[in-house]
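> This is what each chain is made of:
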Amino acid sequence: AQSVAQPEDQVNVAEGNPLTVKCTYSVSGNPYLFWYVQYPNRGLQFLLKYITGDNLVKGSYGFEAEFNKSQTSFHLKKPSALVSDSALYFCAVRDKGDDKIIFGKGTRLHILP
Amino acid sequence: DGGITQSPKYLFRKEGQNVTLSCEQNLNHDAMYWYRQDPGQGLRLIYYSQIVNDFQKGDIAEGYSVSREKKESFPLTVTSAQKNPTAFYLCASSQAVFHEQFFGPGTRLTVL
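Heads up: the sequence lines are chains F and C, in that order.
Residue numbers for the first sequence follow my numbering, beginning at 56 and rising by one.
Residue numbers for the second sequence follow my numbering, beginning at 49 and rising by one.
Misleading hints may appear alongside valid ones.
What the hints assert, rightly or not - Below are the BS3-like pairs computed for lysine-lysine, each with C-alpha atoms no more than 30 Å apart in a straight line:
#1 F:Lys160 to C:Lys131
#2 C:Lys57 to C:Lys131
#3 C:Lys118 to F:Lys151
#4 F:Lys104 to C:Lys57
#5 F:Lys132 to F:Lys151
#6 C:Lys118 to C:Lys57
#7 F:Lys104 to C:Lys131
#8 C:Lys119 to F:Lys104
#9 C:Lys105 to F:Lys155
#10 F:Lys124 to F:Lys113
#11 F:Lys132 to F:Lys155
#12 C:Lys62 to C:Lys105
#13 C:Lys57 to F:Lys160
#14 F:Lys104 to F:Lys151
#15 C:Lys105 to F:Lys151
#16 F:Lys155 to C:Lys131
#17 C:Lys57 to C:Lys119
#18 C:Lys119 to F:Lys155
#19 F:Lys132 to C:Lys62
#20 F:Lys104 to F:Lys155
#21 C:Lys57 to F:Lys155
#22 C:Lys62 to F:Lys104
#23 F:Lys155 to C:Lys118
#24 F:Lys113 to F:Lys151
#25 C:Lys119 to F:Lys151
These aren't lab readings, by the way, just hints derived from the structure by calculation.
Just so it is clear, the structure is predicted and the values come from calculations on it, not from any experiment.
Model the full structure from these sequences, guided by the hints.
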């Protein structure tokens, strides 16, 4: 069965520093991987996805994510954090042979001014 | 302006009542979804629909019902059989089933 884990409930980063939000997954086949962001009392917004091809995926708002097949990870990164990046981030995975997406429990990112 | 709308934003229900949450999209997407979000639990899939007049149960369908009579609309009814309905409900749509999803702003349901 497919699964996704976000090992950190919360990540604190100083403004201007690089940020990383971690995600690991488990699927039986090849994965589709997604990152979403949620601001308070709002729906989720799509940031980026990995389907196939380059392991480094670039997305919205300067975010990028690196697909690492050997470590089964898809960490979200940004070179320089902004206070406005503070939000709840969700990683999601879909097995290409399945018709379900599984969401992680979310990581709350705090960017400190 | 394309997007997904959900109404109402806040909903209060007395125990024993059924309530219906609205979800409308004008993105011309075939697939639509309902998720429930509880603190610390991520999103859990309630129901999804790939095409009009067809829908499938997700992981937590008990106590919920849906219909898909129009491509644009996917209302969710929370019935009195749902034992713990207080939660934040999110509707989403996608071009094809389980591709990248676009989410509505959510409805917060509170049972009094």
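> Given the hint that lysine 132 of chain F pairs with lysine 62 of chain C, does the C-alpha gap stay at or below 30 Å?
Distance ~44 Å between lysine 132 of chain F and lysine 62 of chain C Cα, so the pair is violated.
> Holds or violated: lysine 104 of chain F with lysine 151 of chain F, Cα cutoff 30 Å?
13 Å, holds
> Are the Cα atoms of lysine 57 of chain C and lysine 155 of chain F separated by 30 Å or less?
27 Å, holds
> Need the status of pair lysine 62 of chain C, lysine 105 of chain C: alpha-carbon distance at most 30 Å?
25 Å, holds
> Hinted pair, alpha-carbon criterion (30 Å max): lysine 119 of chain C, lysine 155 of chain F. Please report holds or violated.
20 Å, holds
> For the pair supplied as a hint, lysine 132 of chain F and lysine 155 of chain F, confirm whether the alpha-carbon distance does not exceed 30 Å.
25 Å, holds
> Between lysine 57 of chain C and lysine 160 of chain F, is the straight-line Cα distance small enough, at 30 Å or below?
OK: lysine 57 of chain C and lysine 160 of chain F at ~23 Å, within 30 Å.
> Are the Cα atoms of lysine 104 of chain F and lysine 131 of chain C separated by 30 Å or less?
35 Å, violated
> Taking 30 Å as the top limit, are the C-alpha atoms of lysine 119 of chain C and lysine 151 of chain F close enough?
Answer holds: lysine 119 of chain C to lysine 151 of chain F is near 25 Å, not above 30 Å.
> Can the restraint linking lysine 155 of chain F and lysine 118 of chain C be considered satisfied, given a maximum Cα separation of 30 Å?
Holds: lysine 155 of chain F and lysine 118 of chain C sit about 23 Å apart, inside 30 Å.
> Does the structure keep lysine 105 of chain C and lysine 151 of chain F at a Cα separation of 30 Å or less?
Roughly 20 Å separates the two Cα atoms, so the pair holds.
> Going straight from one Cα to the other, do lysine 155 of chain F and lysine 131 of chain C come out at no more than 30 Å?
25 Å, holds
Checked against the numbered hints given earlier, the structure breaks hints 7, 19, 22 and satisfies all the rest.
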